[in-house]
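*Asks:* Residue strings, one per chain:
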Amino acid sequence: MKASLTRRTLVATTAAAGVLALSACGGNVAGGSAESGEAFPSGPITLTVGQDAGGSTDRIARAIAEGMAEDLGVAVPVVNKAGANGALATKEVAAMEPDGQNLVLLNASLITITPLAVGEDEAVNLDNLDVIAGLSQDDYVLVASPESGFETLADIQESTGELNFGTTGVGTGSQLAQAVLFAQAEIDGTAVPFDSGSPALTAVMGDQVDVATIQLGEALPQIEAGTVTPIVTFAKERSEFLADVPTAIEEGYEVPVSQYRALAAPKGLSEDAKARLVESVETVQGTETYQEFNQQNILTPWEVSGEEVVEEWNALAEQYKALVEEYDISLSGE
Amino acid sequence: MDFFDPVLNGFGVVLDPQNLLYCLMGVVIGMLIGVLPGLGPAATIAILLPLTYGIDPVTAIIMLAGIFYGAQYGGTITSVLLRLPGEASSVVTVFDGYVLAKQGKAGTALGIAAIGSFIGGTVAIIGLTFLAPLVASFALDFGPPEYTALALVGILLVATISGGTKIKALIAAAVGLLLATVGRDVFTGAERFTFGNLSLADGIDFVPIAMGLFGIGEILYNLEERHRAVSAPAKVANVWPSRADLRKSSGAIGRGSVLGFFLGILPGGGATISSMVSYAVEKKRAKDPSRFGKGAVEGVAGPETANNAAATSSFIPLLTLGIPANATMAIIFGALLIHGITPGPQLISEDPELFWGVVNSMYIGNILLLILSIPLVGLFVKILRVRAAILAPITALITILGAYTIRNSMFDVLLVVLFGALGYLMKKFGFEPGPLVLAFVLGELLESNLRRSLLVLEGDVSGFLTRPISATLLVIFVLVAVGPMIKSALARRQQRDTTRVSADS
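Heads up: the sequence lines are chains E and W, in that order. In this text, residue positions in the first sequence follow our numbering: the first is 1, and each later residue adds one. In this text, residue positions in the second sequence follow our numbering: the first is 1001, and each later residue adds one.
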C-alpha cells in the first residue's frame, strides 16, 4: 500500500519534473529504466482493465497478457480498476510514465459513444494515448422475445403496440444502436436501461421487454436454443457466427455499431518500446491458442495497426455525433 | 429410470479421484478467500481461470463451483469473529454471531453456521436435482415490477430486524438510502453527488461501507473502551454447539433452507433478501424476540442456512437457462464457453455428464466443507484469545487490504477509513450500522427497478397490482407494515375497555 502511494505521488511529480523522477519511480526492477536505449521491457508490464474481472473485456485482456508474457519473457499482470465505463482506468494509465511498462485495454465505446452521454470533461481523449494495436470486434445483435412474435425488422415496424427495448446501459453501443435504428426506421419505442447484458437478455427471455440489443457472445447460446429471436446485427458485415442474420446496413439503415477493443499505452512511447510491443501483440495473434480463444468467445479478430484504430474510432465518433444530431436523439434520459 | 441414470452417472464422474481432488482444492481455496473480505469468489475465479484451460471441463467447473460455495463458508468466520461481513448476504449474521463470540460462544455460532450451511446447501442441491427445470422459469417471471415489490418488502424488514430504538434504525436506514443514490444515474447518465470525481461515478461499493461501519468502527470503539476499563479477553468455551442449541436452531435451519432455495434463484439480491427474511421470520416466531441482537443462536442459524442455500440455487438459472445470476456465475458462464460448452437450456440434454457431474460434486463439496469445519472452528475461535493490541491492527489490515482489492484503488481505502469514523460515532451514539448497510443495498435495487417498471408499464402504476407476483408481494408488504399497528391499536382499545370496566365497578 505504501509503495503504491509513493508511486502515485511520484507519478504526479513526474508530470511536472519530466525525466527527473523516472528512475525513482520505476524502482521495482533493475533500477534505472529511464536511460534511453536500455532494453525493453525492464520489468513486469502491467495491463490495466477498466472493467471488473470476468467480463469479456477482462477475458480478452487476460488472453493477450498471457501470450505477451510468454513472448516478452516478463510477467504481464492484469489489474482491474473498474469505474465510469473504464474512464477511470484509462485516465490513470494515460497519466503514467510512457515507458511501455504500463498498458491499458481500451473499449471503443468509451471513446466513440460515452462522450455523447456524459459531460465533456469526463470523456476520454485518444490524444493522450499511444494505441499499440487493434485486437478484436464484438458484435451487437438485436433480439426479440418469442412472445413478441417479431422475426424481422419489418415485423417491428408493422406492429401497432407500444415497443419497449432493453439496453445494456446509458452511453453503450446497445443504446446507441437501437436509438439510431429505431429513429431511422420510424419505430416508436421506450428505452429501458439495464445494468449490463445479462439482465437485459433475461428480460427479453421473460418477455419483460419486447426486444433488446446484446453483445453477440452473450446472446448466441440463447439464439441457438431458440429462446430469443435474432432480428439484425449492427456490424458492418455479417458475423461469421450468425451468418443467416442480416445486418442493419443490409436492411437499409446507417447503424454501424460494434464493440472494438485495442491495446494502448501512455502517449510518448519510444520507437523501440512501441515496435517491441507491436511485434509481441502480432506474435500472440499468430498463436493457435489465441485464435481459439477468439473463436470460443465469439470474437471476430480486428487486428489492425494503432494508427488505423485511432483513425477508425475518431471517424466513428464523428459519425455517431452526426447521427445523434440528425435524428435528434438524446442518449441521456429519453 | 431414465431420469436417474444420468444422475447416477454424475456420481461416477465426481468419485473419479482427480475430480475429488479438484473439488477439495476448490472448497479450500474458496474458504480461504471467503475469510479475506474484498477478494471475492468472482475475482478469484477470474484469476484462476487460465489455470483450468489444460484440464477437463467437468473437473474445471467442479473446482470453480467449489470456490464459490466454499467462500460462503469462509465469509461466516470473519462475520462472527471480527464483525466483518464480506458480503451483503452475511450482514445479518453479524447481529447475533458477533455478540455470541463476545460471550465466549464463538464455537457455537460457527458450528451452528457450518451445520446450517451444510443442510441448507444440501437441501438446495436436492432441489436443484429434482426441481431445477420447474423452478427455473421463476427467474424469468421476475420482471422489474416484481423486483420493486421485493425490494420494498426488504426495506420494511430492515426496520423489523434491527435491534435498538426504532427511530434510530429509521435514521440509519434513511442515510443508507441516501448513500445508494451516489453515482452516475443509470437511466440518464446525470451525475449525482459525485462532485466531479470519476471514482464515484459508479457509486460506492458495498465493501467499504460494511467494512468501515462494522469492522473499523468496532475497533475504534473498543480502543476507547479499553482506556476506561480493562476488559478480560473473551472466554472461549464450548467449541461445538450443545444439543439444546441444535434443538433451538433446527426450525430455523429448516425454514432457512426453503427460503434460501427459492429466493436464491432470483438474479440480483436474492441471497441478501433471503438472509433478511430468514432473520425476520425467526425473530417473529421467537417467544422472546428481545433475545435477538443479544446472542440468539437462531439468528445465526437461519440466515447462514438461507444464504448458503441461495448460493447453491443460484446455479439453477445458469445451468438450466444459461443466465448468470450474479458476478461469479457470469465468470463460470465464461469458463464454460472457454471450455467449448454452451450454457443454456440444452445443456442438461446435450451434456448430461457435465451437468450432473457439477451438481453432484456439490453434495461432496458440502460434506468436505463440513468435515473441514470441525477442526477449523476449534482453530479459528482461538483467534479471540489473541490480545486486542495484536488482533485489532490485523483486523484493520485485512479490512483495508480487502477494500483495496475490489478495484485496486486507494479511493476505496479512504472510504473505509471515513466509514470507520462514522461507524465509531454511530456506535457511540447508539445507532446500529445494520439498517444503514441493508438499506443501502436495497435502495439501489428499489430505485432502479421502480424506474424500470414505470418505463415498462408506461407510467401506469396499476400494472403493479395486475401482475400476480408483484401484487402478492405488495399484499405481504401491506400486511407486514400495517399488521403490527392494527394489533397494537386493538390491544390498546382492549386495555382501555378493561380499565373502564374496572373503573365502573
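One should not assume that every hint holds.
Chain W side only, calculated, beta carbon under 8 Å to chain E, not exhaustive [said to hold, decoys possible]:
no.	residue
1	Q1018
2	L1020
3	P1050
4	D1141
5	P1144
6	A1190
7	L1198
8	G1268
9	S1290
10	P1324
11	A1327
12	L1337
13	V1456
14	E1458
Here are the in silico distance ranges between beta carbons for each label pair [as the list claims (entries may be wrong)]:
no.	chain 1	residue 1	chain 2	residue 2	range
15	W	G1012	E	A75	52 to 62 Å
16	W	N1009	E	N314	52 to 62 Å
17	E	N314	W	K1428	36 to 46 Å
18	W	G1054	E	G286	50 to 60 Å
19	W	E1353	E	N314	23 to 33 Å
No lab work stands behind these hints, which were simulated from the structure alone. Glycine is no exception: its CB is placed at the ideal position from the N, C-alpha and C atoms.
*Asks:* So, for every hint listed, does it hold in this structure?
*Replies:* Each hint tested on the structure:
no. : hint                           : result
1   : Q1018                          : violated, 23 Å
2   : L1020                          : violated, 26 Å
3   : P1050                          : holds, 6 Å
4   : D1141                          : holds, 6 Å
5   : P1144                          : holds, 7 Å
6   : A1190                          : holds, 7 Å
7   : L1198                          : holds, 5 Å
8   : G1268                          : holds, 7 Å
9   : S1290                          : violated, 40 Å
10  : P1324                          : holds, 5 Å
11  : A1327                          : holds, 6 Å
12  : L1337                          : holds, 6 Å
13  : V1456                          : holds, 6 Å
14  : E1458                          : holds, 6 Å
15  : G1012(W) x A75(E): 52 to 62 Å  : violated, 40 Å
16  : N1009(W) x N314(E): 52 to 62 Å : holds, 56 Å
17  : N314(E) x K1428(W): 36 to 46 Å : violated, 56 Å
18  : G1054(W) x G286(E): 50 to 60 Å : violated, 21 Å
19  : E1353(W) x N314(E): 23 to 33 Å : violated, 50 Å
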